[in-house]
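Per my numbering, residue 31 is the first one in the sequence shown, and the count goes up by one each step.
The set of hints was computed from the structure by calculation and includes no laboratory data.
Take every hint as true, because none was put in to throw you off.
Label-pair distances were calculated between CB atoms; the ranges are: (1) Gly173 <-> Gly63: 19 to 27 Å; (2) Ala65 <-> Ile35: 52 to 60 Å; (3) Asp54 <-> Pro124: 14 to 22 Å; (4) Ser218 <-> Asp66: 29 to 37 Å; (5) Ala76 <-> Val96: 17 to 25 Å; (6) Ile32 <-> Arg170: 54 to 62 Å; (7) Ser77 <-> Pro124: 19 to 27 Å.
Quick list of in silico lysine-lysine cross-link-like pairs, DSS-like style, CA-CA up to 25 Å: (8) Lys64 <-> Lys93; (9) Lys64 <-> Lys140; (10) Lys85 <-> Lys64; (11) Lys85 <-> Lys140; (12) Lys140 <-> Lys69.
Built from N, CA and C at the ideal position, the CB exists for glycine as well.
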Amino acid sequence: MIRDILRFAWRKVDNFLTAGINPDPIVLCQFRGKADLDKWRVFTDASFGGTSSAKLELSAEGKSAVFSGQYSKDVGEAGLLIRSGYCGINHVRPCNVNLALHDYLDFRIKGDGNTYIASLRADQLSGGDEEAWQAPLPTRQNGDWENVRLELNDFIFTFRGRLVKQSQSVGTIPKESIMSVGIILAASDDMSSIGGFRFELESVTAGAHYVTGMKAQRKIFHGDDKQFRYDPMWDLKPSSQSASGRASSIPSSPSDTLGGRKLRAATTVVATMTPISAPVTSSGRDDNT
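Using the sequences provided together with the hints, build the complete structure.
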């Protein structure tokens with residue numbers, strides 16, 4: 031009898047504690063018409079002397095946006111670029127969104143086989159729009175709709191598309207102050223010098239892994255479940271999943287970046303950063319229904 035009462039009481043306490051830490055999904059962006067399309071801006075290396083071009087248009091059905099164009103690795107004659115071949119789109123929200131209790135982003139997309147870059151900006155009051163949190167966004171070439179899930183803790187802090195080496199103090203993305211979301215195509219060394227691309231985006235939605243019991247308590251009292259590990263003495267220690275820890279296992283190349291531009295004038299900054307040439311962990315799930 032006493033055991034049943036205690037079990038019932040624990041379930042009540044558990045339900046109370048977990049009520050606020052399993053949040054509903056938040057749609058960060060979707061396309062229902064021209065008004066939603068107008069919230070996005072398109073940018074390319076052409077602003078710095080490159081020759082890439084891109085556009086963003088509503089699909090024929092009007093429920094998604096088509097990001098397409100042609101990238102070019104030609105750096106042009108202006109001398110501002112030493113590496114080119116990037117195009118991107120960006121949506122700055124009217125107000126910051128708090129994703130502190132969310133764990134991942136689901137991208138509803140239709141790709142062309144290229145690996146794009148998902149880019150988030152947080153309100154960090156430091157380096158402006160040249161600072162971003164980025165992660166590879168792989169796509170399939172079969173032209174079918176798919177849902178690609180990226181864990182928020184897999185986003186890496188970058189400056190002008192390059193990983194900041196001294197990122198231990200940065201830690202993981204400040205999810206409580208997300209201010210923009212973007213998609214970038216940055217031509218890698220194994221891509222042709224000139225090529226077309228097509229990326230269709232329906233929505234980006236933030237979600238959370240459902241947790242109960244001890245994991246729920248840990249998330250309540252200590253924030254993101256993945257930033258800490260639990261032992262019987264509640265001895266909290268930082269996990270190895272720091273930005274620098276993830277980067278240490280990624281092979282680098284002198285010419286590869288995760289996205290953005292590399293300017294001649296930025297040599298002093300580049301010296302403290304490590305380029306990224308391989309995807310960090312990401313997982314996807316198919317949904318063709």
